[in-house]
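Undergrad: Let chain A serve as the given structure and place chain B on it in line with the hints.
Number of protein chains: 2
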Amino acid sequence: MKITEIREKLKTVGVDAYVVSYGNRFLGQDVLPEEHKLKILCGFSGSAGIAVVTLNEAFLFVDGRYELQARAETKSKEITVIDEMPRFKSVCDLLQQKNISAVGYDAWCHSVAEMEYLKRRYREMQFIDIGDLLNINKFRAITAYNRDIRFTGMSSTDKITSVTEVLQDYQADAFLFTSADSVSWLLNLYARDLPYSPIVRAYALVSKQGEVELFADDLQGAMKGKNWEQFATVLAQMENTCIMFDAHSTPEKIKMLIGDKVKLIKTKDICALFKAEKNPAELQGMINCHIRDGVALVKLLSWLDKHWHGLKEFDVVKKLHEIRTAQENFFSESFATIAGSGPNGAIVHYQPDAEHNSSLQENTLLLLDSGGQYFDGTTDVTRTIAIGQPTTEMISDFTNVLKAHIALARMRFPQNTSGIKLDVIARSVLWQTGQDYKHGTGHGVACFGNVHEGPISISAGGSDYGFKTNMITSNEPGLYKEGKYGIRIENLQYTVQSETADGFLEFRYLTKVPIDKKLIDKYLLTEGELAWLNEYHKNVYNSLAPYLNEIEKVWLKDACSPL
Amino acid sequence: MKITEIREKLKTVGVDAYVVSYGNRFLGQDVLPEEHKLKILCGFSGSAGIAVVTLNEAFLFVDGRYELQARAETKSKEITVIDEMPRFKSVCDLLQQKNISAVGYDAWCHSVAEMEYLKRRYREMQFIDIGDLLNINKFRAITAYNRDIRFTGMSSTDKITSVTEVLQDYQADAFLFTSADSVSWLLNLYARDLPYSPIVRAYALVSKQGEVELFADDLQGAMKGKNWEQFATVLAQMENTCIMFDAHSTPEKIKMLIGDKVKLIKTKDICALFKAEKNPAELQGMINCHIRDGVALVKLLSWLDKHWHGLKEFDVVKKLHEIRTAQENFFSESFATIAGSGPNGAIVHYQPDAEHNSSLQENTLLLLDSGGQYFDGTTDVTRTIAIGQPTTEMISDFTNVLKAHIALARMRFPQNTSGIKLDVIARSVLWQTGQDYKHGTGHGVACFGNVHEGPISISAGGSDYGFKTNMITSNEPGLYKEGKYGIRIENLQYTVQSETADGFLEFRYLTKVPIDKKLIDKYLLTEGELAWLNEYHKNVYNSLAPYLNEIEKVWLKDACSPL
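Those sequence lines, one after another, are chains A and B.
Counting in the numbering used here, the first sequence runs from 1 upward without gaps.
Counting in the numbering used here, the second sequence runs from 564 upward without gaps.
With the rest of the complex left out, here is chain A (with noise of 0.2 Å):
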C-alpha cells in the first residue's frame, strides 16, 4: 500500500495520521525482507525506523547510523527523513506540533510499555489501533528442529525448570514469553525460517507445571504450535489466571485480546535474562566458531590483498560468504554483509548488492562488517582494510579509533557496571580528538542466535542493566567523514572475572582477526596500547595458523608481526 493509499484509508477510519513501525509481532526483531514496511512504502531497506503518513504529509525518523542511507533510498518528494530516535514518541512530539490527535497504529506491532508510556504522556491524543493497513502477516509455514544439546549446554527441561521455579516465587501460573530468541533458546528449538537468524518466530505460554504452548505462524517439524488466529482464542478465553510477561517485549494487541479477566504481572523476560549469561558449553562454543570465522577473514583477506584490482564491493560479499559456507559447523549470515568502499564506508549500514555496487578504487579504505551464525556460536566482525596506500588522515583517524577500541577492551570495571557508562570509555577517546560516532560503542550477541541481543549493551542511551560474567557484546567504536570514508575496528568480547581485583570484570576478545598495520600509526599507541596489540596479534596468528595453507600462513605472519 503506498502513501497514497494509505491517506485514503485514513479518510475512512476517520483519523488523521498513521504509523508505520519497522518490527512486526516480534517487534522489530526477526523481520523477513517481504514484511519490510518501511521498504514497502517508501523504500528504506535499514533495520530500525518510523514513518508517519498524515493526511498531506509523510516523515520517516531514522537514527543517525541510517541517516544517509535512508536519504539515499527515499528519493522521492513523498516523505521526508527526520534525524532522530525512531521511537513512537518522536512521531507524537511532531504529530502534537502539527496539532494532529487521532493517530491510527498497528497494536500487534508496539508494546504494553510503550503504549502505556505514549498514553500517558500525550493525553490529549486519541491512539486508535487500526491494524496492519500493508497488509504484510501471512501464516508461513515453519520447521523447527532441536540444537545439540552438546551445543546448547543445557536441556530444554532444565531451561523449562528455571522458569517454573520463577512462576512459583511469584505464585503466578504462566509466563507469556513473547520474544522469539527467548523461546528458541528456551526450547533448544530453531528453524531456517530468517535469513540471518536460526530463531523460531514463535511465542510460548510455559504454564506452572511446565507444559509448553506454542504460538506461530504455522508451526510443522520437532514441535507444532497454534498459529495467531487461535492465540486471539486462547487469549480471550483465558480467565482466573495469573500470567507474567515482559511490558517491553509483549505487543499491546495481546493485552486488548486478554482483557481484564486475567490478573498479568509484569516482568522482565526471564529467558533474556537466563541467556545473557552463557554457560560454559555456550561460551566454548563461541570461541571455537570466532577460530573458525577468524581462518575464513583471513583466507578472504590475503585473497583480497592480492586480488582487489577491478573488484566491486559485492564481489568481496560473495567471496567472504563462498569462503564462510565452506567452515565446519556454518549455518547462515548473521546480517547481511557491509563492504563500504571510499565513501559508502561512512553510510554506518551500506550493504552493496547487484544495484549499490562500487568499484575498489586504490589509496581508499574500505569497510568490512561480517558475521555468520555456526551450530556452536554467533560472530560479528568488522575490519577497515586499506586498498593501496593510505593517507596519513586517513592512518591518524584509523589510529584513533583503534585506541579507542583497546580503551574498552583493556577496561576493568566493578561487577554490574552498566553498558551505558562503559560506552563513554571508548567513546571519550575520539571526544578527545573532536570527534564521535552515531551509534552506540557495542551491542549484546547471542550464541547461535540475534547477533543484536538484550539486555545488555554498550552505548550512551542504552540498557542500564549490570554487566556479570560470561556476558557476550560487541566493541566497536568508528569515525565517518562524509564523502570520504569510513572506519570501524569491532570484536566481539565476553566478560571474566578479573584475577587481581576482587568485585571487578574484564573483557577477553573472541575475535581472532588481524588489524591492518598499514592503517596504524604507532607512535601514536601508548605502551599499553602497542603491547595489548602485539599481543593480540601472537594470539591471532598462533590460534589461526594451524588451519591455513601455506600461502595464508605467510601472508598471516606478516599481517601478525610485532609493530
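Be aware that one or more of the hints could be misleading.
[As the list claims (entries may be wrong)] Dumping the calculated DSSO-like pairs for lysine-lysine here, alpha-carbon to alpha-carbon at most 27 Å: (1) A:Lys119 <-> B:Lys602; (2) B:Lys818 <-> A:Lys119; (3) B:Lys826 <-> A:Lys119; (4) A:Lys522 <-> B:Lys966; (5) B:Lys1120 <-> B:Lys869; (6) A:Lys319 <-> A:Lys266; (7) B:Lys682 <-> A:Lys263; (8) B:Lys638 <-> A:Lys266; (9) B:Lys789 <-> B:Lys826; (10) A:Lys553 <-> A:Lys518; (11) A:Lys89 <-> B:Lys1031.
[To be verified] From the structure, some residues in chain A lie toward chain B, with a derived Cβ separation under 8 Å: (12) Met411; (13) Pro414; (14) Ile425; (15) Ser428; (16) Gly434; (17) Asp436; (18) Phe504; (19) Thr526.
Please keep in mind that the hints were generated in silico from the structure rather than gathered at the bench.
A quick note: this is a predicted structure, and the numbers were derived from the prediction, not measured.
C-beta atoms are modelled at their ideal positions from N, C-alpha and C, and glycine is treated no differently.
TA: Below, chain B without anything else, positioned relative to chain A:
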C-alpha cells in the same frame, strides 16, 4: 526527643514508624546545627541521611561517604546504620520487608515529586503527615542585605524579568521558588544566618507583573517577608490562579495547603537553571577569589611544611581559618574544614573539633578539604599532603588519583554531555587499578552561594542535566584505605567552548594550589599528564607569587618547579 519518646508518640498517633530526614523545609540544604534532626535523634552529624524509628527498632541510612562516621557517632545499640542511599525509598523497602504499612513523616521535609513517587510505588503503604516530632522549627530573626551588582553582574530587576518572561510563555500567574539559593540569586539578597552559606533562607512568590512576596522565619533588613504561619494563610487563600513550581524542591506540605483550587504547573526551578551558567562578572569573581584563596592555602602549606611537629588536626583548621579570614572580600568558610590525618583521612567527611582531634604523625598523609565564601565567589579545594616521608604505596595511590583528576581536567566532550558520563572518565582510571571511591567525582558550585549547587553534577547516580559553557563543578576523585589514609585531589573548574573542536566543551581550572610533588611518581605519568601538571604548577606560581612574602615565594617556587 529521643527514640523512646518517639515510640510513645507513635502509639498515640497510631502509626507504626516515623521517618526522620536530614532536611528541613529547604529539603536538605541549609540546615543549622541546632536543626540537625539526625544529630538530635542519634548523634550522627553528617549532612545526608535518613532514619526510621519503628516500635521496636531504629535504622539510619547513610551513603558510603558517611558510613564510617555514622558507625563511630551512633555508638548506642538503639540504632542500626545501613550503608545504602539515604532515600525515603530505601526506608520503604525496609518497612515493606517488615510488613509495616502505616508510616508517619513530616510533609514539610519531603518534596512533592518524592511523595508522588512513593505513593505510586508503595500503594499498600499509608503515608501519614504527623509533622515534626523533633520540634526544630523556630522563627529565627534574619537580617537580609543586598549584594553589590559589581559581584552579581545582573540586577534583580533584570533577573525577575527573565522569570516573568517564562511565566508569560506558560500563561501562568506566578512562580513559587522554594530553593533558598534560587531566591538569594534572584533578588541578590543575602544574609549571615547560616555558618557556611551566605544565602537567605526564604521562599519567593514572583507574580507575572514581577511583584515579589517573600516567606521566611522572621525576615528583616533589605527586604521584609511574611513568616511561615502567614505563608500557610496565603496558600490557603489562593484561588483561580496558576502557579508554577519545581516538584523536586517544593515540600509536599505546600501542595496539601494549597488544595485543589489552584492550577499547578510542575517545571524545573528556572533560577537554578539560570544561575548554573555563570555570567561574566560571576566568572571573573570566581577567578579572582580563587587567587586569594590560593594565596591563603600557600601561606598555610608553606607554614605547615616547617611547623607540623606537635600540631593537631584542629590546629591546622584554625590556622587556615585565621589566614583565610584576612583575605579581601572574605565572608565565611564554605563548609566545615575537613582535616583528616592518617586513618582519619579515610573517613570521607571527617571534621576535627575539640573532641575528635588527632596529632599529625610523621610519615602519614593529611587530607585537607576546605573552602571559602568571598563576596565575589565560592571556593572548594582538597589537597593531600605528605607529612614526613610517604611510603611507595602512598605515592602509587596518590599518583593514580592524580591521573584520574587529570583525565577529567583534560577531557573534551560534546555540549550537553551529562555528568553521569563524565564521572566515568576519572573513575575508570581507578577501576583500572581495581579500586574505586564511594562518592561522586564532582558537584556544581555556586558563585557566592551553596558550595554544592544543582542541577549540574559529575557523578554516577547524579543529574543527567547536560553541560553548557560557564558551568562550575569540582573535580575530586579520591582513594580511601580504611585504617590507613585517605587521598583526594580537588580543583574547581569551569566549562568553555573548545577553540579547535566545534560543538565541544573543555574544562579550565579555577583552583590554584600546588599538588604535593613528594607524592607523585613521575614515571607513572604519561607525557600528556606530566605536561598538564607542569603547566598547572607554572600557572599557580605566576598567579600567586605577587601576593606572597619572600619566604612563601621561595617555598612556592620549589613546590611548583617542573617534574
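Undergrad: A separate judgement is required for each hint: does it hold in the structure or not?
TA: Results of checking the hints against the structure:
Restraint check for Lys119 (chain A) and Lys602 (chain B): the C-alpha separation of about 46 Å exceeds 27 Å, so the hint is violated. Distance hint between Lys818 (chain B) and Lys119 (chain A) is fulfilled; the C-alpha atoms sit about 26 Å from each other, no more than 27 Å. Among the hinted pairs, Lys826 (chain B) with Lys119 (chain A) is consistent with the structure: their alpha-carbon atoms are about 22 Å apart, no more than 27 Å. Between Lys522 (chain A) and Lys966 (chain B), the direct Cα distance comes to roughly 23 Å. Compliance with the 27 Å bound is thereby established for this hinted pair.
The straight-line distance between the Cα atoms of Lys1120 (chain B) and Lys869 (chain B) is roughly 16 Å, inside the 27 Å bound, and the hint therefore holds. With a C-alpha separation of about 47 Å, the suggested pairing of Lys319 (chain A) with Lys266 (chain A) is violated against the 27 Å cut-off. Between Lys682 (chain B) and Lys263 (chain A), the direct Cα distance comes to roughly 22 Å. Compliance with the 27 Å bound is thereby established for this hinted pair. For the proposed pair Lys638 (chain B) and Lys266 (chain A), the alpha carbon gap of about 43 Å is over 27 Å, so the pair is violated.
The straight-line distance between the Cα atoms of Lys789 (chain B) and Lys826 (chain B) is roughly 23 Å, inside the 27 Å bound, and the hint therefore holds. Of the supplied pair hints, the one linking Lys553 (chain A) and Lys518 (chain A) holds, its CA atoms being roughly 18 Å apart against a limit of 27 Å. At most 27 Å may separate the alpha-carbon atoms for a hinted pair to count; Lys89 (chain A) and Lys1031 (chain B) meet this at roughly 26 Å. The criterion of a C-beta within 8 Å of any C-beta in chain B is met by Met411 (chain A), whose closest approach is roughly 7 Å, and the hint holds.
Evaluation of the Pro414 (chain A) hint against chain B yields a held restraint, the C-beta minimum of about 6 Å falling below 8 Å. Proximity of Ile425 (chain A) to chain B holds as hinted, the smallest CB-CB distance being about 6 Å (cut-off 8 Å). The beta carbon of Ser428 (chain A) is positioned within 8 Å of a beta carbon in chain B (closest approach about 6 Å), and the interface hint is therefore held. Taken as an interface hint, Gly434 (chain A) checks out: its beta carbon lies about 3 Å from the nearest beta carbon of chain B, inside 8 Å.
Interface restraint check for Asp436 (chain A): the shortest CB-CB distance to chain B comes to about 6 Å, inside 8 Å, so the restraint holds. Look at Phe504 (chain A): its Cβ gets to within about 5 Å of chain B, closer than 8 Å, so that hint holds up. At a threshold of 8 Å, the smallest CB-CB gap from Thr526 (chain A) to chain B is about 7 Å, leaving the interface hint in force.
Hint compliance for this structure: hints 1, 6 and 8 are not met, and every other hint is.
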